[in-house]
Amino acid sequence: MLHIKPIFSSLLHSKSGPLLLLLQIVLSVAIVANASFIIVERLSLMARESGIVENEVFDFSIYHFDKSTDLVVQDKRDLELLRAIPGVIDVAPSSMAPLSGGGWSSNFTLGPEERAKSTPNTGMYMSDEHFIDSLGLKLVEGRNFYPQEITTELLEDGGKMIVTKAFVDKVWPNDSALGKSVYMGAQHFVVIGVVERLQTAWVDNSNVEFSSVLSVNYPADYKRYLVRAKASDIARLKEVIPEILHKEYPSRVIEGFTTISERRIEAYRDHELMATVLTMMVVLLLLITSLGVTGMVMFNIQRRTKQIGTRRALGAKKRDIISYFLVENYLLCLLGGTLGVLLAIQLGQQLMSLYSLPMLALSYPLLTVVGLFVVTTLAVYLPARKAAKISPATATRTV
Amino acid sequence: MLSMKNISKVFKTDLVETHALRDFNLEVSEGEFVAVTGPSGSGKTTFLNIAGLLEGFTHGDYFLDGINVSNLSDNKSAAVRNEKIGFIFQGFNLIPDLNLAENIEVPLRYRGFSAKERNRRVEQALEQVGLAARMKHLPTQLSGGQQQRVAIARALAGEPRFLLADEPTGNLDSLMARQVMELLENINQAGTTIIMVTHDPELARRAQRNIQIVDGQVCDFTMYQANAARSASHGSVDKLVANAQG
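In order, the protein sequences belong to chains L and E.
Position one of the first sequence corresponds to residue 1 (UniProt numbering), numbered consecutively onward.
Position one of the second sequence corresponds to residue 1 (UniProt numbering), numbered consecutively onward.
Chain L on its own, in the form it takes in the complex (with noise of 0.2 Å):
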C-alpha cells in the first residue's frame, strides 16, 4: 500500500536534503534530456546513408606540374590503364570527393533569365559515364551518359545532368525530372537520370543530399579520381596504381588515397566526439545522481533506524519499508522530473536559437524522467532492502 500522504508530509518537514535531490534531479533531467537529443541527431546524421559502396571505393589525385602536358590526353590514357589493372570493377574523373569537406557546388537556376526561380545550393560532381557504376550509384529514372555527351568543358548549350532524388522532390515536387533544363550563368544541362541518392563533400550542410552529376570531364593540372574495388583489393591497389601511373608519366604527384568509409569517418569525426563526449556525460550525471540517490537513502536509513523498528513494531513488513523509500525517491523523482522537463525544454529552446538546433522532442525529456525512475529504483532497492532488514525490536533498544 503506498502512503504517499505521510511521505510527502515527512519530506515537507525535512527540506534541505530532498531539495539538494531535487535540484540534481531538475538539472539532471534538463541537461541529460538536451544531451541525449543533441546525441542522437548526431547518431542519426552519421547513419544517414552516402548513396555510396563506401567500402568499395576509394578516390586520389593527381597532380601535374609538368606545364607541357596535354590533360586532356592524359587523363583519357590515364583512365585506359586504369581501368586495366585487375581488381579495378571501374574508375570515373570527378570534380570532387563525396564526404571530403570540399569540392564545388552551385545554386542553379530554373530559366534562363537571372531572375528564374533557383535551386537550392547543390554539389556538383563533374564526371563522365562511368561515375554511376564507379560509386555503385542506384539509377532510379532516366538514364546514364552516353560516352559521346561528355564534354572536356562546360558547354553553353547541351549539357547532360543527373541528379539526386532529393534534388527532384525539392526542386520539382510530385513532377518528373526528366527532360527539365537548369541553368548555371549562361550554361544549360538538361536532367537526363536521377539517382536514389548521393551525398555531397559537406556532410554538416543541411544541402547534403542535393548533388548533382554534369557530363563534363575537365581538364585540369590537379585531377581527382574514384576507383572501385573489392575491399579486399584497395590495400594492394593503393600501392599498384601510383607504379603504374609513374611508369606512363612520371613527372607528376599521385597523392591522397582515401576510401570513402575513411573519408565518413574523418567526415563525422567531431559528431562522433561529440556523442561520445554527451554520452558519457549523461551517463556521469545519471551515475552521479543514482548515488546521490542512494547517498541520501542510506543517509536516512542512519538517521531513522529506530523510526525503521519503530515502523516494523507497528505492523510495517519488509515490503512497506521498501516501498516507503521507493515512494519517497519516487515522489523526488516525479516533483523534480516535471520540473526538470519544463527546464530541459526551456535550455533545448536556447540551444535552438544559439546553435541552430532541431526543436528538442518533448519524448526526449519525458523518457529521461522514465529512465531516471529506473535508476532511482536501482539505487533505493538495494539500501532500501537492507533498512527492511531493521529488527523490529530496534524501537525497544537505545539508538
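No wet-lab data here; the hints were simulated from the structure.
The hints are all genuine.
When the alpha-carbon atoms are kept at most 30 Å apart in a straight line, the in silico DSSO-like pairs for lysine-lysine are as follows:
(1) L:K15 / L:K306
(2) L:K389 / E:K12
(3) E:K136 / L:K15
(4) L:K247 / L:K230
(5) L:K318 / E:K136
(6) L:K386 / E:K12
(7) L:K5 / E:K136
(8) E:K76 / L:K389
(9) L:K318 / E:K116
Dock chain E against chain L, hints included.
Just chain E now, with coordinates in the frame of chain L:
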C-alpha cells in the same frame, strides 16, 4: 490471552553464549494488568521483545490470543503485531516529521483501513488521551507526558487485544508519570490487557500482578518479597538476587 511455555532465548557469539531467558513460563489472562520488574540485564527487554513478537526465541512455545505464534513468518508476525498488540515505548518513538494524527495513523495504514476509518479511529484515540485539539501539532510541540499520551493513542487506535508498555513513564517527571499511569489504569479498566515493564516499584505496585524476572526466569514473587525484606537488613542487592535464584 498470553501463554509462554519453557521459553529460552540464547544469544550466541563465537566466544560466549548468553541465556537471556531460560525456561521462562508465564500466563496472562484477559483483562489483567501485569507489571514486569527486575534488575538491569535480567531479561525484561528480551521478554518484552518476545512477547511483542519483535524478536524470536530459541526454544519453547508462545500462544497469543489462542494462536501459536512460535514460528510465524516475518509477514505473519508483522500482521499479528499490528492487529493484536499495542506498543508503548519508553522513548515514545513518535515520528518527528509527522503530526499527531499522522503518527497515530501509521499502524492503521499498515492494517489497510480506509481513510474514513483511519480518521474515525485517530479522532477517537486522541479524544481518549485528551489531545483531540492538537492533532495537527508535531510531536516536538508537545511535552514529554503529552507525547507519551500520543504514543498511547497510537497503541489504542488499532484496538489491540493487549498493550505492551516498556518503561512508559521512564522519561517522565513524577506528575506526568502519574497522569500516564492513570491513563493506563483507565484503559485496563475498559478491558484491555496490559503488560508493563518497569523499574519503578511504586508503579509496579499499582498493577494487579507483579512478575519479577531474575536471570532470565520468572521469580516467585512471594519468595522475592521475603528475600527483599531480608536483604534490606543486609543492604546487598547481589545477595537478594542470589537468594531469589536460590
